[in-house]
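Visitor: Residue numbers (this note's numbering), protein chains in the order written: chain A, 1322 to 1671; chain B, 1322 to 1671.
Just so you know, these hints were derived from the structure itself, not from any lab. Since the structure is predicted, the reported quantities are computational estimates derived from the model, not experimental observations. Just so it is clear, CB atoms sit at the ideal spot from N, CA and C, and this is done for glycine as well. Keep in mind that the hints are not guaranteed to be accurate.
Said to hold, decoys possible - Partial chain B-side listing against chain A, Cβ under 7 Å, derived: (1) P1478; (2) D1520; (3) K1521; (4) G1543; (5) T1547; (6) L1550; (7) V1559; (8) N1562; (9) L1571; (10) I1575; (11) L1578; (12) E1582; (13) L1595.
Claimed, not checked - Pairs of lysine to aspartate or glutamate residues, derived as DMTMM-like cross-links and limited to a Cα-Cα distance of at most 20 Å, are as follows: (14) A/K1521 with B/E1483; (15) A/K1518 with B/E1401; (16) A/K1465 with B/E1569; (17) A/K1544 with B/E1610; (18) A/K1516 with B/E1401; (19) A/K1518 with B/E1400; (20) A/K1544 with B/E1400; (21) A/K1544 with B/D1608; (22) B/K1590 with A/E1582; (23) B/K1544 with B/E1514; (24) B/K1516 with A/D1479; (25) A/K1465 with A/D1545; (26) B/K1544 with A/D1346; (27) A/K1521 with B/D1479; (28) B/K1518 with A/D1479; (29) B/K1516 with B/E1569.
2 protein chains.
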Amino acid sequence: MSDRLADSATGTAGIRIAVDAMGGDHGPGEIVPGALDYARQHPADQVILVGRPDAILAVAPTLPTNVSVVSAMQVVEMEEHPARTLVRKPDSSIVVATHLVRDGKADAVVTAGHTGAGMAAGTLFLGLLPGVDRPGLAVQMVRKGSPFVLIDIGANPDSTPEHLATYGRMGSIFAERVLGITNPRVALLSIGEEKGKGDKRIQRATELLDQSGLNFVGNVEGKDLTNDLADVVVTDAVAGNIVIKFFEGLSSFIFDLLRAEFRGGIRGKLAYLLLKPGVNRIRKVFDYETAGGSPLLGVKRTVIITHGRARRRMIVYALDVAARTARADVPGLIAESLRALPVVEDGRPA
Amino acid sequence: MSDRLADSATGTAGIRIAVDAMGGDHGPGEIVPGALDYARQHPADQVILVGRPDAILAVAPTLPTNVSVVSAMQVVEMEEHPARTLVRKPDSSIVVATHLVRDGKADAVVTAGHTGAGMAAGTLFLGLLPGVDRPGLAVQMVRKGSPFVLIDIGANPDSTPEHLATYGRMGSIFAERVLGITNPRVALLSIGEEKGKGDKRIQRATELLDQSGLNFVGNVEGKDLTNDLADVVVTDAVAGNIVIKFFEGLSSFIFDLLRAEFRGGIRGKLAYLLLKPGVNRIRKVFDYETAGGSPLLGVKRTVIITHGRARRRMIVYALDVAARTARADVPGLIAESLRALPVVEDGRPA
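Bound conformation, chain A alone:
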């Protein structure tokens, strides 16, 4: 952990990160300590905690010098309508934190709160980059060795082939600049590996990605998601969301079955003791906390949406991804990459 966090501090410019201190299942109790950990480890960066000052100061009565508090008295509840709540709750922590970025007072926003509200705030208050029709929510997915980027996992339910092609471009830049993968392999998630397979959207997106100039390696199937075939896997919001949630459900299901066996009687307990180092190795492969959070790509600034269940340790990684994304100026690089595309007659990239 220290290695990984250390090297994001090698950039020269300090990054100002606005943190929605109220969101998520655990609220300030986990988010504030995580943000403070990050601030202590990265003295050149600034952390701005956004939320109810009393709640924040209850957790952290004294703050490091690179941490400040900005007041936001309202809290978005999980069942609220995303876009509507932004209007109804202008003094909510997600709105105020995103406004700090919009107004140039912060470089990135991190939230563990209502995903829909976070995406809506990013899209509406920060705006989309020229050439981007819809943002895409990316996530780093676990596999043996290094993770890969899956995009979109829920920002844009009715995506077009053109959106999918742009996701490939945005995901590739994130993988290269934030994860440090040279010339990332981009693939499209489909029913089969052959190019004619899939629905019409996938077939057209395959053609667009083929012509994109990206390192497009073709289509992959669901069974290949755990294999090292691609660094960026493009899919639509519905399939992407089903994949990450099924991943959570199925891996918990298997590990729960195992846990029950390890706890069942003296044989199980003894087996667990013997296998503990191995269990820890497997646990490490499935350590999604180090992914930190999901970048909302296609908006003009850095927005990181982390898991509602994120605890202190994951929050540190979420701020780290935010700092890396902002420091590399991923939004600027995406804009540049889109500008470089040939323009067709209606003035939009081909």
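Position chain B against the provided structure of chain A, taking the given hints into account.
Guide: What follows is chain B alone, placed relative to chain A:
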């Protein structure tokens, strides 16, 4: 196993099952022994092995009296174009086997061969039921306790909301009549549980299922697929196919990690010995072979497509599902259920 097979033999009428003896990764070497096992256990049923007689008789020089061989000299290769190959190879085992059903000489067809060719043969040669626009391929998916039905896993890439609603109806009849689930709970796979979530197709399909008269319990997420929330989960071909293949990939990935730990050194081996009964319990939960195969629902007769990797034991279960589906007359019940729907002006069910 014997219990389950036994009770499908309680029906009175003998079922005639045409088996594509040449398909699949293992060909006649596994399919023929599996089909013969079934025939011996179900003397009232007839098994018709379709393929190259020399290849079949090389595996089984003597046949039980309720088994016959029908010659088909061509074999469909995995990389061939599904529909085209049916025209190009009229004497292939899948074509001849499906023709036996079409011509009233068999009640069901079972194939472990090229899935696309099996679906195309079923659709083109047997025809779709009145009121069915597109067939749906269903599968029994593993979860703790009883399995659930997932439909569609790849028959119809560009499904409409109306197709999804019909899948709910067809899957419900299959679950009730073949799996013995009373009043099956039908759910739609989506991004969130709330009814407004998902893409436009899902939103409209939610409305249609709400009005369908089925026991529609709403939308489920990917993480719920391992939970006992529904007996039939409806989704489109792309998401469904990604789910089953990701299931294969992810569960193999986890079990491979575990296997490596169990094999790594004396501690691992000892732990395995201690945990062996537990490992077998878990293996049993993941025993997809008992599902037998996927019914292609919406065609006029019974078509069961089993796994290309199916071995002898799974082939027995595939024939069992075929017999149950044909004996219950699932196609007839689907037709009846669709006929009972109110007809709108264009003459098609509302």
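Visitor: Could you work out which of the previously given hints the structure breaks and list their numbers from low to high?
Guide: Hint check: 6, 29 fail, others pass.
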